Structure formats: C-alpha cells, structure tokens
Amino acid sequence: MIKNQLITNALLFVIGLIGCGVNHQNIIATLLAIEVMLLSAGLNFGVFSNYLNDSYGEIFSIFILTVAATESAIGLAIFIIVYKLKGSISLNFFTFEKKR
Amino acid sequence: MKPEIIIFHDLCIFLVILSTLSIFNTKNSVHSVFFLILSFFFFSFILTIFGLEFLALLYIMIYVGAVSVLFLFVVMMANTKLLFVHSRASFPLFISVALMVLFPLYIFLNFWFVDIFFDKNSKYAISNSFNYPIQEFDVLTTPNVIGQILFNQFGFSVVIAGIILFIGLIGSIFLTIDFKAESVLHDSSYAQLCRTTVTAIYAEQKKIKNEQSI
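Order-wise, the sequence lines are chains V and U. Numbering-wise (this note's numbering), the first sequence opens with residue 638 and increments by one. Numbering-wise (this note's numbering), the second sequence opens with residue 8 and increments by one.
The set of hints was computed from the structure by calculation and includes no laboratory data. These figures come from a predicted structure and were not determined experimentally. Virtual Cβ for every residue (Gly too), placed ideally from N, Cα, C. One or more hints might be untrue.
Covered stretches of chain V, going by a simulated chain U footprint (3 or more residues, C-beta under 8 Å) [unchecked claim]:
| hint | region |
| --- | --- |
| 1 | 666 to 678 |
| 2 | 682 to 696 |
| 3 | 699 to 710 |
Here are the simulated DSS-like pairs of lysine-lysine, each with C-alpha atoms no more than 27 Å apart in a straight line [stated by the list, open to error]:
| hint | chain 1 | residue 1 | chain 2 | residue 2 |
| --- | --- | --- | --- | --- |
| 4 | U | Lys34 | V | Lys721 |
| 5 | U | Lys216 | V | Lys721 |
| 6 | U | Lys216 | V | Lys723 |
| 7 | U | Lys34 | V | Lys723 |
The shape of chain U in the complex, shown without the other chains:
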C-alpha cells in the first residue's frame, strides 16, 4: 500500500471521529444532521480506500440522498431550535464516560486482539487463502458479483428486506395520519368502490370540455 493512501486513510479516520463527536456537541439539530452527512462522506472515502467503491456509492446515494435529507426535512419542518437550550448539560458526563470506556478499549484492541488475529504466525490468525493473483484478470465487476450472490443465494432475504421496507412505509403513514381531521379516509368506501370510468372525475371533465367545444 502506498504511503499517501495510508496518510489519507488516517486523515479520514480522524475526520470521521471528529464529525461523529460533533453530532452530539451542537445546540442546533440541523447542525448535527449536517455533521452526520459529513461523517457519511468520510465513511464512503474509507470504503473507497478499501476497494468497496460500489458500496461507497450506495452509501452516498441512500444515506446522504435519502435518509439524511429525510432527517433534515423533518428537523427543519419541526423548527425545534429554541426548545432545548440546556442540551449541553450532559456533555462533560458524555466525554468522561467515553474516555473511560474508549481508552481501555483502544489498549485492548491494539495490544491483544490485533496481534492475535492479524499476525500471520499466530495460532488464531484469520486465513486469507482466497487471495489469488488471477482475480486481477477477472471480468466480473462488483455490481455483477453482488447481484449474482444477492439473487441466487439470498433471494429469500431480499424478499424479507422488501417486506421490512414495506412495513416501514405503511407504519410511518399510519403513525403520522390524523384520524380526526377531514381527510380522504372519511370518504365512504362504498362510494370509492362504486366508481367506474363513467363516473370518475376525468370523464366528467372531458364531458364538460366537449360541451364547451360544441
């Protein structure tokens, strides 16, 4: 690996941790969503460094393009800027607990876990036996490989993921709907089911237009 890439990777790691910590350190919720978008970008840089460029583009498309924009829309619509003035009260506690947990975790991972699993001479070393040089000449691209595995071996899981997304759609509509308001739900279901092409609205409009033209 080239040293420039390693330095860029370290920079990306630093910026990811900084922007992730900044999510919980802002007074305004809109700013914390912006910091989340920033950390998503650096995450996708890291994925690109590791050679997972399809996954990086997918993360940018779905997280930044859909999820974060949804968050931003809801936060800006709710306009909660003035409502949590004392939100920084728990931040020193957060920092102290984080340091107490993270520093031993760093030591643990650096001196025990990594040396055991990533040293080639170790007994518990993870085997890397699939690293053939012929994969450089392989004509299968990454979306091709992912699609083949996804639809051949994980077909049932894809169906379950679709059901989960459908539950999310129906659940969010059902939760946010206002049953007391005069909405479409108070239409008579009998009148809806009796509707044909003759009695529909566009047929009426067409009839009116014809009468006007005559």
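So here's chain V without its partners, still in its complex pose:
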C-alpha cells in the first residue's frame, strides 16, 4: 500500500514537472502544474509520517501548504498583469516584443 502510494507520488511529481516544462501556451496550466508538484511533495511527507509514526511530516506538510498558497496568489497577480498588458495568456509573450 505504501509502495503504491510512493510510486504514485513520484509519478505525480514527474507529471507536474513535465507539465511545467513542456507547456508554453498557458500560464494557468503552469501554475496548476506547480500546485500538483507541491501537493505530491506534501503527500509524500504525510505518507512517511504515517509510516514512521512521527508527526513532523504533517508539520512540514502544513508549511508546504503555506508556501503553495502564497505562490498561487503571487502567480495569479502576475497572470493578471500579463493579461492586462498583452491581452493574451501565452507564455511566449514574456519576451515582450512590440505587438502590432
């Protein structure tokens, strides 16, 4: 059971990593990929805290949750700025070329 869960956590982390790296069309999908990566890391801490009967894993999971909330807030603020400036949410516009 813990074996399957650890494999799943690694798989979800890799899915988030690839979704963060490959995707160049959508800022929202990149933010969601980062959320998935943080979530799988927190779940890994939780599973090991269950396995070792140690509550420190849950504590670090709570800290990861704090960082994820802050990251999503600032990422959405940057998304709103880029959408106001460029009228598009593509990541390719981060080069800030003059659009005619």
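Starting from the known structure of chain V, fit chain U onto it as the hints suggest.
Relative to the frame of chain V, chain U by itself:
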C-alpha cells in the same frame, strides 16, 4: 489492512492520476481548474486512508476552499476561453516524454527502491521502532499533537510562515494596483494623517442627522 480499503486506495490512485493528466488535456482553463479540484479531493481521500484525517480536512479547506476558488475566480474573470485555440499542439510530445520518463521510473521504484527500503530483512530498511501498541489508548488527538509540536519546536518557523503569507498579500496587492488610475493612493497623505474623529465622515453624517432631527 482490509482488502476493501486496499481496493479503494488503488481506485483513488487511478483517479488521481487520471484527473491530474486531464488538467493538461483540456482546452478550457476553467475545466482544468475543476480537474485540479477533483484531484485535491482524491488526494484527501488517500490521506484519510493513511490515517491523516486532520491533514485531509486541512487540504480540503485550504486548497479547495481558498486556492482553487481563487484560481477559478481569476480564470472566469479573465475569460480566456477563445484565446488559446492551439493549446493541444504540445500534448503528443507531453505524452511521449512522460512515458519515456515514467516507465523506467516505475520499474526502478518497483524493483529496486521498494525492495531495499521496505523489506524488513534488508540492510537499509527504514526502522519502524515507534510502533507501540499503547498508542491506541493515547488520549492526545491529532490537532493537539500538531499544535504542541508546531508551537513548541517550530515556533520560529511559524513566524516565518506568517511573514511569507504577509509578503504574498502585500506583493499581490502591489502587483495588481493601477498607479495611473484615480484611486485612493492619490489621496494626500497629509490630509489622511490630519483626520480626527471630529472631521471624519461618520461624524459629519451624525451631525447632519442631528440637524435633520432638530
């Protein structure tokens, strides 16, 4: 462990992976945020199976109740539905890279990592020496334990987490504010600092009401 719980756990794993893959496979951003909420729910099911019910409720409250609703609000406000028609162009590349990375990773974890660390006879086995039967009768509940550890040993970390949240608050306000618009920021700071209870708005309203009543 009961076999029903193991089957339910496998089902939750399958649904988590399916909904996480569906995040990157939709054209509409709103649908991908909905799939993220779905995967958060199945994550919390898995946490409940592993006996971390407080953490599961915390994940539902914070992620589904705050973060995902924030995402949903911003995506619906921006209304970007028609703007990325060709967003599925990179999906076959995504699938092929994912399979190339994930399949050896699965083999690696299944035949090497797990057998070394979770076999009790192995040299590198993780010790499980805290598993006393007396913990079944322990009166400390999970929030109690978490609060004691958090505020006794990780007090400074809690302060740093609060500072990080404060930076997120101030940063998002500062990033999204429009300095050119006629906003509250163009109020004179001298006039704001000179304001007392006599010159405040509610005092004026009270004076007007008194005059009307007289």
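- Item | Hint numbers contradicted by this structure | 5, 6
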